[in-house]
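Line by line, the protein sequences give chains A and B. Going by my numbering, the residue at position 183 of the first sequence is 183; the numbering climbs one at a time, nothing skipped. Numbers given in my numbering equal positions in the second sequence, counted from 1, plus 342.
Since the hints were made in silico from the structure, they are not lab data. Note that the structure is predicted; figures quoted are calculated from it, not measured. Virtual Cβ for every residue (Gly too), placed ideally from N, Cα, C. One thing to keep in mind: the hints can contain errors.
[As the list claims (entries may be wrong)] Dumping the calculated DSSO-like pairs for lysine-lysine here, alpha-carbon to alpha-carbon at most 30 Å:
1) B:K364 to B:K490
2) B:K490 to A:K321
3) A:K29 to A:K44
4) A:K224 to A:K2
5) B:K359 to A:K55
6) A:K2 to A:K337
7) A:K55 to A:K126
8) B:K359 to B:K490
9) A:K321 to B:K364
10) B:K359 to A:K337
11) A:K321 to B:K359
12) A:K29 to A:K126
13) A:K2 to A:K44
14) B:K462 to B:K490
15) A:K271 to A:K224
16) B:K470 to A:K29
17) A:K337 to A:K271
18) B:K553 to B:K462
19) B:K508 to B:K462
20) A:K151 to A:K100
21) B:K470 to A:K2
22) B:K553 to A:K2
23) A:K126 to B:K364
24) B:K490 to B:K508
25) B:K470 to A:K321
26) A:K126 to A:K157
27) B:K364 to A:K337
28) A:K151 to A:K86
29) B:K470 to B:K359
30) A:K29 to A:K151
31) A:K55 to A:K100
32) A:K2 to A:K126
33) A:K86 to A:K100
34) B:K359 to A:K126
35) B:K553 to B:K490
36) A:K224 to A:K55
37) B:K508 to A:K2
[Stated by the list, open to error] Chain A residues, not near chain B, derived (Cβ > 12 Å throughout):
38) K55
39) V110
40) T137
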Amino acid sequence: MKTFNFNEDVVSTNIVVTDGFFDGGAGTKAGSNYTTSSLSAAQKNYYYNVQFNSKDHFSCTYGHIGGSGSAEQSTTVEGTTQAVYKQFYNFTENNRASLKNGVGWIINSVTQSDAYMIAAERLQMKDRLNPGTWTITLSGSTTAGVGAELKLTDNSKTTDPTAAPFGEKYIIYSGSAGSVQATGTEYGHFYPDAGLFILSAAEVSGSLPGSSGWIQSGSGDVGKHNGLAPDTRVNSAADNAWKITRALEQGSVTLRSEENQYIYDYFCRAKANEVNYSTNLTFWSGSDYIIRHSDMQNNPQTYISEVGLYDGGGDLMAVGKLSAPLEKNFSSEAIIKVRLTY
Amino acid sequence: MGILDNDTVIVDAILTKLGRNKLRLGQSLGITQYAFGDTGVDYTLYNPNHPSGSDSYGSAITSLPMLEAVPDDDVFMRSKLYGIGQRGIQNFAFVDLPDGLTRTIYHIPDGIESTPIELKPRVYSAGKETSANNFRFTVLDMRGLMAKNEGSSVTGTAFNAADIDKRQLVGTSLSLNAQGGQISRNVTRTVNIELADGGAAPVQVAVTVQKNTAVDDPGAGSS
Chain A
1 MKTFNFNEDV VSTNIVVTDG FFDGGAGTKA GSNYTTSSLS AAQKNYYYNV
51 QFNSKDHFSC TYGHIGGSGS AEQSTTVEGT TQAVYKQFYN FTENNRASLK
101 NGVGWIINSV TQSDAYMIAA ERLQMKDRLN PGTWTITLSG STTAGVGAEL
151 KLTDNSKTTD PTAAPFGEKY IIYSGSAGSV QATGTEYGHF YPDAGLFILS
201 AAEVSGSLPG SSGWIQSGSG DVGKHNGLAP DTRVNSAADN AWKITRALEQ
251 GSVTLRSEEN QYIYDYFCRA KANEVNYSTN LTFWSGSDYI IRHSDMQNNP
301 QTYISEVGLY DGGGDLMAVG KLSAPLEKNF SSEAIIKVRL TY
Chain B
343 MGILDNDTVI VDAILTKLGR NKLRLGQSLG ITQYAFGDTG VDYTLYNPNH
393 PSGSDSYGSA ITSLPMLEAV PDDDVFMRSK LYGIGQRGIQ NFAFVDLPDG
443 LTRTIYHIPD GIESTPIELK PRVYSAGKET SANNFRFTVL DMRGLMAKNE
493 GSSVTGTAFN AADIDKRQLV GTSLSLNAQG GQISRNVTRT VNIELADGGA
543 APVQVAVTVQ KNTAVDDPGA GSS
């Protein structure tokens with residue numbers, strides 16, 4: 001085995017690889033491709049899963065700071081929407097004491113009493129979601145039942161992020177693919193490292209309220225004009241997580257995943273007078289192991305078909321295969337760049 | 343005046359199971375060395391009588407599609423290329439085992455112990471035995487076995503452990519035995535023996551290990 005000269009033979013590079021978020025690497029999928037997965041009634045009290053190609057891609061939920069929209073909410077029973085709100089707030093915000101004072105997510109300089117949350121499936125988003133390139137198109141209608149769309153994106157192309165407990169936080173505005181259309185209205189917060197979109201229920205329902213019949217129609221009623229005005233009754237029929245799920249299913253999403261990759265290039269050099277013999281038994285012949293071909297006796301030819309990278313103890317750590325064997329003899333040199341990515 | 347080839351080929355490598363395991367344990371890969379191999383190349387396909395002349399002698403080898411790399415570290419790099427400056431080598435040294443390439447670890451009757459085997463390889467070059475050689479013994483699966491040689495001993499994981507337990511020892515010989523009462527069925531295990539510093543054709547020994555979990559299991563000499 002030969003030892004690497006690390007000053008000359010090894011080059012490392014860190015690159016960010018992006019890919020379409022959806023199964024198979026697709027970057028955009030219309031909501032008509034989505035389905036909701038089978039969940040128990042108890043799970044649907046909290047969230048819905050949106051699938052593409054039978055694989056989970058998003059989880060959609062709704063939270064209310066006071067528990068409105070839950071089946072139960074009282075001084076002795078904490079509603080499901082309150083639990084969701086507190087869980088996501090504590091997860092995404094630094095000032096965890098503020099909830100005690102009735103202060104939640106501040107969007108448009110106002111505490112948002114309720115919010116829709118869209119969480120990206122970790123398997124699809126890889127290391128994190130790619131900021132500045134996504135568009136979520138929510139589809140619904142006005143109170144009069146006229147169809148309308150709300151296209152959302154983040155402000156990462158023009159504005160530095162603020163800090164979430166685990167990384168970056170951006171503001172969600174209307175726009176697409178990182179191009180903000182108007183900064184007058186903040187629609188929510190985007191946390192790329194957590195794969196989370198927190199949408200102000202007040203703001204998104206301002207654009208897509210849905211018809212009045214829809215608001216208290218419960219889940220599964222797709223005959224009415226859907227929208228995002230929440231049903232704030234304390235009633236088991238209130239099913240606001242379904243509202244954001246339905247708006248996604250009628251809209252579309254363009255989204256990319258991000259992954260950090262570390263590339264190590266090892267330059268493996270075979271000089272003219274090196275590696276011209278082989279331990280391959282077909283190289284030799286007979287019980288005395290004589291070189292098989294007499295014309296090779298003074299000019300041996302070997303064929304490099306693989307390169308092994310070893311640790312100091314001689315254990316094989318990585319192996320690279322050539323697409324075709326490379327001829328090597330005393331008249332040739334070879335440099336094989338072995339690329340290891342992980 | 344001839345021009346020497348200076349080819350640069352780019353190859354994507356994959357981590358072996360050993361490499362992955364190092365990363366899993368939070369260790370760096372610690373890659374410091376490399377070697378070229380030709381596992382799977384068949385030099386009998388080299389044709390010095392090729393009608394197109396010497397440039398085509400190896401065309402049957404270079405035209406063959408190659409298999410993709412796989413993570414198992416025993417599949418590839420089994421035959422390595424070697425040589426630094428030597429020219430005119432006519433013979434290749436080889437490892438030989440005087441006691442044969444198939445051995446059996448017998449169960450001792452009326453107990454749960456077994457009889458160890460001793461692997462004492464020799465190296466021959468140009469028909470003569472060379473002296474004072476160190477060998478690398480690689481037991482591809484040590485589950486239920488134990489081994490020792492000069493100054494070191496290794497006990498494999500339990501016979502019914504889920505993961506294969508590959509071990510290596512370096513020395514002039516190797517004593518291999520079954521752990522008492524561990525082997526619940528007859529199995530055959532492989533031991534690769536190569537010169538620790540390379541330069542000789544390795545051998546593989548197939549070791550049959552008799553069941554030894556019950557006192558009435560078949561005894562010495564039976565299989």
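Verification of the supplied hints:
no.: 1; hint: B:K364 to B:K490; in the structure: holds, 25 Å
no.: 2; hint: B:K490 to A:K321; in the structure: violated, 35 Å
no.: 3; hint: A:K29 to A:K44; in the structure: holds, 24 Å
no.: 4; hint: A:K224 to A:K2; in the structure: violated, 73 Å
no.: 5; hint: B:K359 to A:K55; in the structure: holds, 29 Å
no.: 6; hint: A:K2 to A:K337; in the structure: holds, 15 Å
no.: 7; hint: A:K55 to A:K126; in the structure: holds, 15 Å
no.: 8; hint: B:K359 to B:K490; in the structure: holds, 25 Å
no.: 9; hint: A:K321 to B:K364; in the structure: holds, 21 Å
no.: 10; hint: B:K359 to A:K337; in the structure: holds, 22 Å
no.: 11; hint: A:K321 to B:K359; in the structure: holds, 16 Å
no.: 12; hint: A:K29 to A:K126; in the structure: holds, 18 Å
no.: 13; hint: A:K2 to A:K44; in the structure: violated, 61 Å
no.: 14; hint: B:K462 to B:K490; in the structure: holds, 13 Å
no.: 15; hint: A:K271 to A:K224; in the structure: violated, 76 Å
no.: 16; hint: B:K470 to A:K29; in the structure: violated, 72 Å
no.: 17; hint: A:K337 to A:K271; in the structure: holds, 14 Å
no.: 18; hint: B:K553 to B:K462; in the structure: holds, 24 Å
no.: 19; hint: B:K508 to B:K462; in the structure: holds, 20 Å
no.: 20; hint: A:K151 to A:K100; in the structure: violated, 34 Å
no.: 21; hint: B:K470 to A:K2; in the structure: holds, 29 Å
no.: 22; hint: B:K553 to A:K2; in the structure: violated, 43 Å
no.: 23; hint: A:K126 to B:K364; in the structure: holds, 22 Å
no.: 24; hint: B:K490 to B:K508; in the structure: holds, 15 Å
no.: 25; hint: B:K470 to A:K321; in the structure: violated, 36 Å
no.: 26; hint: A:K126 to A:K157; in the structure: holds, 21 Å
no.: 27; hint: B:K364 to A:K337; in the structure: holds, 23 Å
no.: 28; hint: A:K151 to A:K86; in the structure: holds, 27 Å
no.: 29; hint: B:K470 to B:K359; in the structure: violated, 39 Å
no.: 30; hint: A:K29 to A:K151; in the structure: holds, 14 Å
no.: 31; hint: A:K55 to A:K100; in the structure: violated, 38 Å
no.: 32; hint: A:K2 to A:K126; in the structure: violated, 37 Å
no.: 33; hint: A:K86 to A:K100; in the structure: holds, 10 Å
no.: 34; hint: B:K359 to A:K126; in the structure: holds, 22 Å
no.: 35; hint: B:K553 to B:K490; in the structure: holds, 21 Å
no.: 36; hint: A:K224 to A:K55; in the structure: holds, 28 Å
no.: 37; hint: B:K508 to A:K2; in the structure: holds, 24 Å
no.: 38; hint: K55; in the structure: holds, 25 Å
no.: 39; hint: V110; in the structure: holds, 46 Å
no.: 40; hint: T137; in the structure: holds, 38 Å
In summary, the numbered hints that this structure violates are 2, 4, 13, 15, 16, 20, 22, 25, 29, 31, 32.
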